[in-house]
Amino acid sequence: MPEVLPAAVLEVACLVKRYPTGDLALRDVNLRIGRGEVVALIGPSGAGKSTLIRCVNRLVQPTSGSVRLDGAEVTGLGSTALRRERRRMGMIFQEYALIERLTVMENALSGRLGYTGFWRSWFRRFPQADVAEAFALLDRVGLKEMANKRADALSGGQRQRVGIVRALMQRPELLLVDEPTASLDPKTSRQIMRLILELCTERGLAAIINIHDVALARQFAQRIVGLRAGAIVFDGPPDSLDAAALTAIYGDEDWSATLGQGRKATDEEEEHHSTVPDVERLAGLA
Amino acid sequence: MSASHATSNPYAAQAAGWRPPPLIGSRALRWALLLGGLAWFVAALVTMEINWARAAEGWQRGARFLAAFVPPDFVSKWDDIAEGLLESVMMTVVSTVLGLVLSVPVAVGAARNLAPRPVYLLCRAVLVVSRTFQEVLIAILFVAMFGFGPLAGTLTLAFATIGFVGKLLAEDIEATDPAQLEAMRATGGSWLQGLAWGILPQVKPRLLGLSLYRVDINFRESAVLGIVGAGGIGATLNTSLDRYEFDTAAAILLLIILIVMACEYASGVIRRAAL
Amino acid sequence: MSANTEARTQDVVWRRRTPMGDLLAWGAWLAIVLATVLSFRQISDATIWDFVWDAPQQGADLLSRAVPPRWSYASVLWKPLWDTVNMATLGTLLAVILGIPVAVLAARNTTPSVLLVRPLALFVIVASRSINSLIWALVLVVIIGPGPLAGTLAIALRSVGFIGKLLYEAIEEIDPVQVEAVEATGATRAQVLSWGILPQVAPAIAGIGVFRWDINIREATVLGLVGAGGIGLQLEGSVATLAWPQVSVILLLILATVVVSEWVSARVRKAIT
Chain Y
1 MPEVLPAAVL EVACLVKRYP TGDLALRDVN LRIGRGEVVA LIGPSGAGKS
51 TLIRCVNRLV QPTSGSVRLD GAEVTGLGST ALRRERRRMG MIFQEYALIE
101 RLTVMENALS GRLGYTGFWR SWFRRFPQAD VAEAFALLDR VGLKEMANKR
151 ADALSGGQRQ RVGIVRALMQ RPELLLVDEP TASLDPKTSR QIMRLILELC
201 TERGLAAIIN IHDVALARQF AQRIVGLRAG AIVFDGPPDS LDAAALTAIY
251 GDEDWSATLG QGRKATDEEE EHHSTVPDVE RLAGLA
Chain L
1 MSASHATSNP YAAQAAGWRP PPLIGSRALR WALLLGGLAW FVAALVTMEI
51 NWARAAEGWQ RGARFLAAFV PPDFVSKWDD IAEGLLESVM MTVVSTVLGL
101 VLSVPVAVGA ARNLAPRPVY LLCRAVLVVS RTFQEVLIAI LFVAMFGFGP
151 LAGTLTLAFA TIGFVGKLLA EDIEATDPAQ LEAMRATGGS WLQGLAWGIL
201 PQVKPRLLGL SLYRVDINFR ESAVLGIVGA GGIGATLNTS LDRYEFDTAA
251 AILLLIILIV MACEYASGVI RRAAL
Chain E
1 MSANTEARTQ DVVWRRRTPM GDLLAWGAWL AIVLATVLSF RQISDATIWD
51 FVWDAPQQGA DLLSRAVPPR WSYASVLWKP LWDTVNMATL GTLLAVILGI
101 PVAVLAARNT TPSVLLVRPL ALFVIVASRS INSLIWALVL VVIIGPGPLA
151 GTLAIALRSV GFIGKLLYEA IEEIDPVQVE AVEATGATRA QVLSWGILPQ
201 VAPAIAGIGV FRWDINIREA TVLGLVGAGG IGLQLEGSVA TLAWPQVSVI
251 LLLILATVVV SEWVSARVRK AIT
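Chains as they are written, first to last, in full-length UniProt numbering: chain Y, 1 to 286; chain L, 1 to 275; chain E, 1 to 273.
Among these hints, one or two may not hold up.
[Unchecked claim] Partial pick of chain L residues on the chain Y-facing surface, computed with a CB cut under 10 Å:
# : residue
1 : Asn113
2 : Pro116
3 : Pro118
[To be verified] List of simulated lysine-lysine pairs, DSSO-like, C-alpha gap at most 30 Å:
# : chain 1 : residue 1 : chain 2 : residue 2
4 : L       : Lys204    : E       : Lys165
5 : Y       : Lys149    : Y       : Lys187
6 : Y       : Lys149    : E       : Lys270
7 : Y       : Lys144    : Y       : Lys187
8 : E       : Lys165    : E       : Lys79
9 : L       : Lys204    : E       : Lys270
[Said to hold, decoys possible] FRET-style restraints, in silico, Cβ to Cβ:
#  : chain 1 : residue 1 : chain 2 : residue 2 : range
10 : L       : Pro201    : E       : Leu38     : 47 to 55 Å
11 : E       : Gly59     : L       : Ala196    : 32 to 40 Å
12 : E       : Arg17     : L       : Gln202    : 32 to 40 Å
13 : E       : Pro203    : Y       : Asp28     : 23 to 31 Å
14 : L       : Arg271    : Y       : Arg101    : 26 to 34 Å
15 : Y       : Pro44     : E       : Asp175    : 20 to 28 Å
16 : E       : Arg15     : L       : Ala175    : 53 to 61 Å
17 : L       : Val75     : E       : Arg17     : 45 to 53 Å
18 : L       : Leu34     : Y       : Gly76     : 14 to 22 Å
No lab work stands behind these hints: they were computed from the structure.
For every residue, glycine included, the Cβ atom is placed at its ideal position computed from N, Cα and C.
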């Protein structure tokens, strides 16, 4: 951790979530995320990763504790005020969660719902500036030509790009990313992760990324937080994530291959950089 | 953001050109459907002869009718109500059983994978006739043939049951896995054994579901057949409405709703227990 | 080896069900048979069997009098037929408009209150479904007077429950993550309904509507019997005056209409899915 903390965009304190079934999903989680900081949240299935990021935008109602976005308390907000805060947090989902029967453009524009009145959104009369921004972002992720295709006609990687555009359309300060690559093949996974990282850098966005794949997390995140049974058991830069830390998070296992693989993957990526054309184009635009 | 400002011009032009995709692709067809629909709507409303003065009176009567539900009068016509309901229930039982017994062979005959062509066509014809005409129309004919009373109603419902269960069951039989029937035939079983072991286990859940659903439908239908003299609670209801005895009518309607709810609940329980 | 298996098979008694299950199954069958026999005896008591034995002759007699159909009568039937189709169509449209909010209130995942609003919406659905459209027509003719308006409303009132039931089941089966995604953008409740849920159930709404429309064409043919408009009135008149050649024309016309509507309905439903 750096000595001088950057201004926090998100502060989670003493967060507890107990489901009606009695399961304690989060026990006293404290987390502080600085402006522009990209944090990977790792941990075994059921550790509470998904619950944690859903507590931030209150898709899941926390039992107790505090969530502050830019200093403003999010827990306990009324529905109107909550919607206003949700606009500042873009969310990217595991199974893309696109509105399958609507077009790519409509899905992108749905990121502006929080800023648009009901009837305007009903008749798809979004402000010209929003439509223009959607085109710009779709172009940025390489999907401009797909604008009028239905979302269910797209491949997995393309859908996740639309999901990213939707989140960015909110002009958020924070991205909540829930297992963005769990349904994608390894190559597409890396492309998507890199895209998210690039966009975060371009826009100075902070992000919490839930991720299963430890190698991906080490490769892309600036900071890694390990969650086990609803509590944070590791918090530090990727380099300090050693076998002992992984054992603390996941339990006993021979971690040498996993730790090695992370470095190997990075090397492979270096080669990829020159061969994947759309990455070049993306870099050029940035 | 300033960088994208410079490049926002091409996007702005594109944005201005973007329209939400229409439901119907062809412009001509879209307009034709819209105008045609509108023309039909206006024509339908204009040609519908509505006696507005009489309809306006309806508010008062409607209010009176609703008021009759609190409290409904179960007492003063109870004997008629009980007799009518009991008759409806009995018609339901007999017609469902009779209809099911008959619909199974018809369904087998109407299944393309089991029946020879002439049998198939005959059974399909029976199903089409049964499904085309509303129960009440059949009841009118049956009353003319068998005379007034619950028998005409029972036969009507049994006939309608054949059409309903027969068609859906035939579709289910056609969708069965042919390998299972083949396997039973391969063991040397007879044609009937083939049905019982190769087909029946596959369609049994559907058959049970359809039967239970049909009990429900038959009861609801039995409540109207009385209007044309084919027995059941309908006659009592018709009389009470004719005489403006709304509180008795309310009682009957509530009882019908209650019995249907009970049927639905029971069928849910049976389905869970049997499957 | 073979002696061994034989010895064991003698010990094992194979049963399809447990003894208790056996008892229950037999009990259920017995109850059904008993109820049927008892009910049939009652119905039989209320029947004049002489008429019944006469039925084949009566039927043959009816048929001979109904053939040939009096085709010239068809000219009087076009307007009632037009009314019948309109009643079915307008009634279905009205029922779709009313059924959508009822379904939203009844579905577990969209209702504002599971304890208060949902049971109410479910009751509306079951009440609407329990009462046959002919009974609704009977009630409405008394309230707002005879004519196709009563028929249209009767069709609508009966169909609300049908559409509401199928639609709320469809709403409960939608993908909840798409809804979550729309919620996460900061959308209002109304926007969540129109963006997160409506696109998912739109095909279901169209399919259910067309399916019910097809049923309603049939239903509308008899509403005239109680004065609620449509071709049933002519049927009633013809039966009452024993004008069987006219009855056969009416029935053939209904047959044609129903066959066409079924074809249209099947085509539309195929196009949707």
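**OP:** State, for the Cβ atoms of leucine 34 of chain L and glycine 76 of chain Y, whether the hinted interval 14 to 22 Å holds or is violated.
**Re:** Since the Cβ atoms of leucine 34 of chain L and glycine 76 of chain Y sit about 49 Å apart, the hinted range of 14 to 22 Å is violated.
Original post:
Does the structure keep lysine 204 of chain L and lysine 165 of chain E at a Cα separation of 30 Å or less?
Top reply: Distance ~25 Å between lysine 204 of chain L and lysine 165 of chain E Cα, so the pair holds.
Subject >> 30 Å limit on alpha-carbon distance, applied to hinted pair lysine 144 of chain Y and lysine 187 of chain Y >> reply: holds, 22 Å
Original post:
Taking 45 to 53 Å as the hint, is the beta-carbon distance of valine 75 of chain L and arginine 17 of chain E inside that range?
Top reply: holds, 47 Å
Subject >> Restraint check, 10 Å cut-off on beta carbons, for proline 118 of chain L near chain Y >> reply: Hint on proline 118 of chain L: violated, closest Cβ of chain Y at ~46 Å, above 10 Å.
Original post:
Do the alpha carbons of lysine 149 of chain Y and lysine 270 of chain E lie within 30 Å of each other, as the hint requires?
Top reply: At roughly 22 Å apart (the allowed maximum being 30 Å), lysine 270 of chain E and lysine 149 of chain Y satisfy the hint.
**OP:** Grab the minimum C-beta distance from proline 116 of chain L to chain Y and call the hint holds if it beats 10 Å, violated otherwise.
**Re:** Since chain Y brings no Cβ nearer than about 44 Å to proline 116 of chain L, farther than 10 Å, the hint is violated.
Original post:
Is the hinted range of 20 to 28 Å satisfied by the C-beta distance from proline 44 of chain Y to aspartate 175 of chain E?
Top reply: holds, 26 Å
**OP:** For the pair supplied as a hint, lysine 204 of chain L and lysine 270 of chain E, confirm whether the alpha-carbon distance does not exceed 30 Å.
**Re:** holds, 27 Å
Original post:
Is lysine 165 of chain E within 30 Å of lysine 79 of chain E, Cα to Cα?
Top reply: violated, 33 Å
**OP:** Using the Cβ atoms, figure out if proline 203 of chain E sits within 23 to 31 Å of aspartate 28 of chain Y.
**Re:** Violated: the Cβ-Cβ distance is about 46 Å, outside 23 to 31 Å.
Original post:
Does the CB of asparagine 113 of chain L sit less than 10 Å away from some CB of chain Y?
Top reply: violated, 34 Å
Hints 1, 2, 3, 8, 10, 12, 13, 16, 18 from the list above are not met by this structure, while the remaining hints are.
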